[in-house]
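**Q** Let's have the full structure, built from the sequences with the hints guiding it.
As they're listed, the protein sequences go chains A and B. Residue 264 in this note's numbering is what sits at position 264 of the first sequence, and the numbering runs on without skipping anything. Numbers in this note's numbering are just positions in the second sequence, counted from 1, shifted up by 1000.
Hints are computed from structural coordinates only; laboratory data are not their basis. As the structure is a computational prediction, the values presented were derived from the model and not from experiment. Don't be surprised by glycine CBs; every beta carbon is placed ideally from N, CA and C. Treat the hints with care, as some may be off.
What the hints assert, rightly or not - Beyond 12 Å from chain B on every Cβ pair, some chain A residues (computed): (1) R17; (2) T36; (3) V55; (4) R68; (5) A117; (6) V241.
Unchecked claim - Sample of chain A residues facing chain B (criterion: CB under 7 Å; computed from the structure): (7) M129; (8) F137; (9) G141.
Protein chains: 2
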Amino acid sequence: MSQSQIAQLMDGTSLARRIVEEAAVTAANISRRTGTSPCLATVLVGEDPASVTYVRMKRARCAKAGIRSRHFALPAATTTAELVDTLTDLSGDPDVHGILLQHPCGPHIDERAAFEAIAPEKDVDGVTMRSFAEMSFSRPGFVSCTPGGIMRLLAEYDVDLAGRHAVVVGRSAILGKPVGVLLLAKDATVTYCHSRTADLSAIVREADVVVAAVGRPRLIRGADIKPGAVVIDAGYHPGNVGDVDFDTARTRARLITPVPGGVGPMTIAVLLAQTVQAAAEQLGTEHR
Amino acid sequence: MSQSQIAQLMDGTSLARRIVEEAAVTAANISRRTGTSPCLATVLVGEDPASVTYVRMKRARCAKAGIRSRHFALPAATTTAELVDTLTDLSGDPDVHGILLQHPCGPHIDERAAFEAIAPEKDVDGVTMRSFAEMSFSRPGFVSCTPGGIMRLLAEYDVDLAGRHAVVVGRSAILGKPVGVLLLAKDATVTYCHSRTADLSAIVREADVVVAAVGRPRLIRGADIKPGAVVIDAGYHPGNVGDVDFDTARTRARLITPVPGGVGPMTIAVLLAQTVQAAAEQLGTEHR
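**A** Here you go:
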């Protein structure tokens, strides 16, 4: 197989770095003008190792970008009501500009109730029903971070979406559903597939853009990819495996995100950018 | 062509009548128990003849079902701020249980701002961002009336949606978008097509269920219909023409909604049912 048939990689690491650098400049300007640096509250219930790692990474990136973070580590036995109280308090705390509830929170927590306790203007992770509706209706507001990151990647690589068929595999509230509405807002024809879809391969084969966001390792194989398609892999599984079988998919796709280094870094970059934007809005200074 | 190849009609008139009869029974129970009959506020800006007719029809159906209606006819020159004030007042008026803003309101009105002034518990037309998010996340709440009516029709005719491919043509905020999320909640694979879709016919030909909600007369032709598909026509144009070319589509479909007498009557039925439900909830009596 000749080199020309191998897909170009969509470099999320580089783009994320640029977005974070811009956010850092804005954060510094905010701090200089207002005497207050942007602040993200991170909330974690329990001690799930992956979640602990994710929160630590996010806080480390904040620190490098001049964004303060205040961490709230709640015991695993925290009730929904207690979690809602914490998030309500943070929503009312003028020193907190953005709120991140690391999820999943565990089966005993009503996650939707928790998300809804986050004030819309601090919903920098884009998890509230209000943020979802704003994305759906192309209104200003914070986007869900992974979907927002995917859209930034598509824009960076000049992927034309208008009239193209985008197939989203997965329909979660913070990934599949919002990325679909954002693609629709860019005039793509959008298909939502999921675990109940009858003939997934046949539908994916029609896609000009595939977004794999279903959480099943290597579910999408190269044979499912239309030659020349753009393949976005939002999955992450142990061993640097995504929802797409990278080695076979890259021989058919035109553009593809690697795992890691594709969608992953974009998620955090959008979180930081939106935290800085929230701080700018709440502190009444200009931004971007 | 033999009779067996002609689609069965989905009789919205009969089903709507049954739903309204049930709503009337509930309305009577509410009146008897509380001394207050359910009340729908109807708000109309200007005197567009079609809108005047629609509101008159809705109020007449209310009256027959024992639902009071209070009509607010605002002049065509009404501003968004004035309309928002009216809707905010009605949202706070304990004698009003449901609010219908007849739309379109005219180009000078920010319709979204107006819709958002409707209290969620009175949004019996299912037009607020909150109602949209609730539909999207399969939560309790009022559905948009036409999408809700379509789902009731599909259920009435035992149309199995799980895993089937539903193609929605149109993406308006109160029709295409919400019917798609309701179909997705029933485990259909859902494709949104619209004016920018590259090859509409090819996509519609893959559909097990087609929902035409695009507002273009006879856009969907029989040749676009997969034999045995279910065809829902949510369009209405002068001369009893829908978005589907009925005469050719019915020779391929298994089930099809006529125009009129399909989706149209269902919209009003759902409005009435939801008004009664809202009254029951606000007056603290049981319902359904």
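**Q** With reference to the structure, classify each hint as holding or not holding.
**A** How the hints compare with the structure:
no., hint, verdict
1, R17, "holds (33 Å)"
2, T36, "holds (31 Å)"
3, V55, "holds (25 Å)"
4, R68, "holds (31 Å)"
5, A117, "holds (15 Å)"
6, V241, "holds (25 Å)"
7, M129, "holds (3 Å)"
8, F137, "holds (6 Å)"
9, G141, "violated (10 Å)"
Checked against the numbered hints above, the structure breaks only hint 9 and satisfies the rest.
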